[in-house]
Amino acid sequence: MNRLRIAAGAIALALAANAQAEGRLRIAEQYGVTYLLLNIAQEHKLIEKYGRQAGVDIKVEWTQLSGGAAINDALLAGAIDVGSAGVGPLITLWDRTKGRHNVRGVAALGSFPYYLVTNNPKVKTIADFTDKDRIGLPAVGVSVQARILQMAVAKQWGDKAFARLDKITQTLPHPDAANAIIAGGTEITGHFATPPFQEQELAQNPNAHVVLKSYDVQGGPSSSTLLYATEQYRSENPKTYRAFVQALAEAADFAARNPEGAADVYLKVNKSKVDRALLLKIFKNPEVQFRIAPQNTLGLAQFMHKVGAVKNRATSWRDYFFDDALVKDGS
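Using mature numbering (1 follows the signal peptide of the UniProt record, and there is no 0), the letters of the sequence shown map in sequence onto residues -21 to -1, 1 to 310.
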């Protein structure tokens, strides 16, 4: 009996030690310059730097996925520790996991305007799209682009019709959708994009033009991409988690102070052939803000509840974000 008790105790201690093991961080990012702060943290090894300061040797694993749905599936499956997507995917997962995994936001990756671009000369507003058009976006009905489009539709035709254009949206990675808009001649006539894809489309296809801007729908600058994790990961890895947030804060400061250096980092990490002058134009756009505190996210969260996309109604951005001093000035 004593031996059994000792064995059981040893197993319990081993499990507890494993649960509290610090030093591993698996991050999933997507495509585009909205993930620049992660690129800077990766290139400058900022997470590792702050980990060492806390006495932890952090091994960071980077992976690239497309769309909030894929990110959310990977997070729930335990394949990643931190996901990155728009407000829509975060609110969806916060709602689904409330009282269980308790997924919440970690930080924002800055505020970038998103454009709905079309190469169809007949389309001037969203009311001009027909069943013959197809709009590419990262994840139908889930991505932040999909939710912003629904917000615009609700303003145009009423809340009950919020999903009116969902039937002509199609899940496509941003690079593929951008190629379709630039080349023309495909069923993809619209792309709710992110930088730099939207700028490339406008520059390379004379028929490409903006139908809708995210800031116009959301009422001003808004966090375009957010990072989120489970409550368990945060509680079991406090030093690693803290190092990650500190690294993001330094990356945001670097991008704001040094757009030229930020452009070089983006090109190197992504092995990108995007024109450097175009990147600098994006980074110096006064509508672009590099900050890790979430900005203007509550409106979309409450819209999703109003139309029945989620069960839980957020009354503050703090409902779906972890409490952290570095993101305390959010909204």
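These aren't lab readings, by the way, just hints derived from the structure by calculation. Beta carbons: idealized from backbone N, C-alpha and C, even for Gly. It cannot be assumed that every hint is accurate.
What the hints assert, rightly or not - Across the chosen pairs, the derived CB separations fall in these ranges:
(1) His188 to Pro217: 42 to 50 angstroms
(2) Glu239 to Ser295: 34 to 42 angstroms
(3) Thr294 to Ser251: 35 to 43 angstroms
Going down the list of hints, with the structure as the test:
no. : hint                                 : result
1   : His188 to Pro217: 42 to 50 angstroms : 49 angstroms, holds
2   : Glu239 to Ser295: 34 to 42 angstroms : 38 angstroms, holds
3   : Thr294 to Ser251: 35 to 43 angstroms : 40 angstroms, holds
Checked against the numbered hints given earlier, this structure breaks none of them.
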